[in-house]
Amino acid sequence: MADRKLRVLIAKPGLDGHDRGAKVVARALRDAGMEVIYTGIRQTPEMIAEAALQEDVDVVGLSILSGAHMELFPRVINALKERDIDPGEVLLFAGGIIPDADIEPLKQMGFRAIFGPGTSTEDVVRFVREWDAARQNGAK
Amino acid sequence: MSEVDALVERMREGNRRALSRILTLIENDTPDGRRALAALYPRSGRAHTVGLTGSAGSGKSTLVGALARELRRRGKTLGIVAIDPTSPFSQGALLGDRIRMQDLTSDPQVFLRSMATRGNLGGLAPATAGLVTALDAFGKDVVLVETVGAGQDEVEVAAMADTTVVVLTPGSGDDVQAMKAGIMEIADVLVVNKRDLPNADLLARQLQSIVDAAPGERRTPIVRTSSALGEGIDELADALEAHRDYVSQPAVRERHREAQARHQVLALARQMLLARVVADHSGDGKLEELVARVARREIDPHSAADALIAG
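Protein chains in written order, with our numbering: chain Z, 10 to 149; chain R, 2 to 312.
The shape of chain Z in the complex, shown without the other chains (with noise of 0.2 Å):
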């Protein structure tokens, strides 16, 4: 019986360096019986880019607080485009400060959901559960 995990990346692109939401939501994650892989913070979009690549990743979690996400987001797209992957193909979600206006094009983007500040981890581990369970049965 093949042993199939969900391969998640949380990474966090750009300068701030308050990493405690995105180590909750991969704790979460991984409590959730997923592998995380987590690659700490400052990263570059085509560092996030090259982990995905590399790691197979089914989904990726952004989380940004610096307000630098409608700058450094769409570098992240075209970075995992460059490698061959397609943004549809993997989940995209973003957490962190992220105003109301601009969820929509950053829905328009790609991302499926961004999660703002007192997101329950359940929600998040729910989502993603969905997700792929919808992707299962599409595939059948």
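It should be emphasised that the hints constitute simulated quantities derived from the structure, not laboratory data.
All figures in this text were calculated on a predicted structure; none of them were measured in a lab.
Hints may be right or wrong, so weigh each one.
If you want the ones that stay clear, here's a sample from chain Z, every Cβ over 12 Å from chain R, calculated [to be verified]:
(1) 29
(2) 41
(3) 49
(4) 50
(5) 52
(6) 65
(7) 66
(8) 67
(9) 76
(10) 106
(11) 111
(12) 114
(13) 118
(14) 136
Restraint ranges, calculated between C-beta atoms of paired labels, are given here [said to hold, decoys possible]:
(15) Z:26 with R:243: 26 to 32 Å
(16) R:15 with Z:139: 53 to 59 Å
(17) Z:77 with R:293: 58 to 64 Å
(18) Z:141 with R:251: 46 to 52 Å
(19) Z:91 with R:276: 38 to 44 Å
(20) R:39 with Z:79: 23 to 29 Å
(21) R:285 with Z:112: 51 to 57 Å
(22) Z:80 with R:276: 22 to 28 Å
(23) R:251 with Z:146: 54 to 60 Å
(24) R:239 with Z:93: 33 to 39 Å
(25) R:230 with Z:108: 43 to 49 Å
(26) Z:139 with R:252: 55 to 61 Å
Backbone N, C-alpha and C define an ideal beta-carbon position, used for all residues, glycine too.
On the provided structure of chain Z, position chain R as indicated by the hints.
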């Protein structure tokens, strides 16, 4: 051409995305993964495979990072497999080895893959050897494997790697541990890491006396390093290259590879037999019944295992 054959083809053309997909298939032990591995195996055997083991906190990740930088300076292309434990409670894992190798991860000549142990007890994950084969067949000059540091995992690492490096640190009773765990028989290179700590020289001398007393033609070198300060890393790279030259001698190489092949075949056979026994009894309650009887001391564990295998 099947999808997996196409992937193997693309990987052979140097496509890293295809390599990564194949690593996943092998790790998940799917039929496609086995097919890919069968196709890649004959093309492997050219890389210098190096296993690094040592107890948790001995500085393996940082050492692997420093060593990888030195090997890149020497122009080597690298595959790295870094293993972290799977939680026995959630079956999930937090894989954090990239944190200590950040600067390496944007170098296209370095391919770093994190792996969880997925229930394997030996310090390696079940598919580690398969991943090493794929990185080797991809054309990497050196493949480094960093184990989880379970303590007794050295035999499995040695069965997979050309060169086994055992990392010890001063002040952790490691010299006695080293003798207990049979590390002397397994280590091709001994590293005393954190050499800036007190007692590092003492540990190195103790190890030297053990090495001197050991039988055999080859004296295991002892390298003192500080991976955090980047000291002793060039000596370590030299020691690895010297050992690679040693195992490249035809007679040594043949013996080494045969022993590895024997271990791998038997380990896989054991794994498959266990999977078969478990599959045979999935849902018939026999295992649970036997377990309960053993727990009540009605039968002994050997007889129960016998009964389980007999059907």
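Which numbered conditions among the earlier hints are violated in the structure presented, ordered from lowest to highest?
-> Going through the list in order, the structure violates hints 2, 3, 4, 5, 6, 7, 8, 15, 16, 20, 22 and respects the others.
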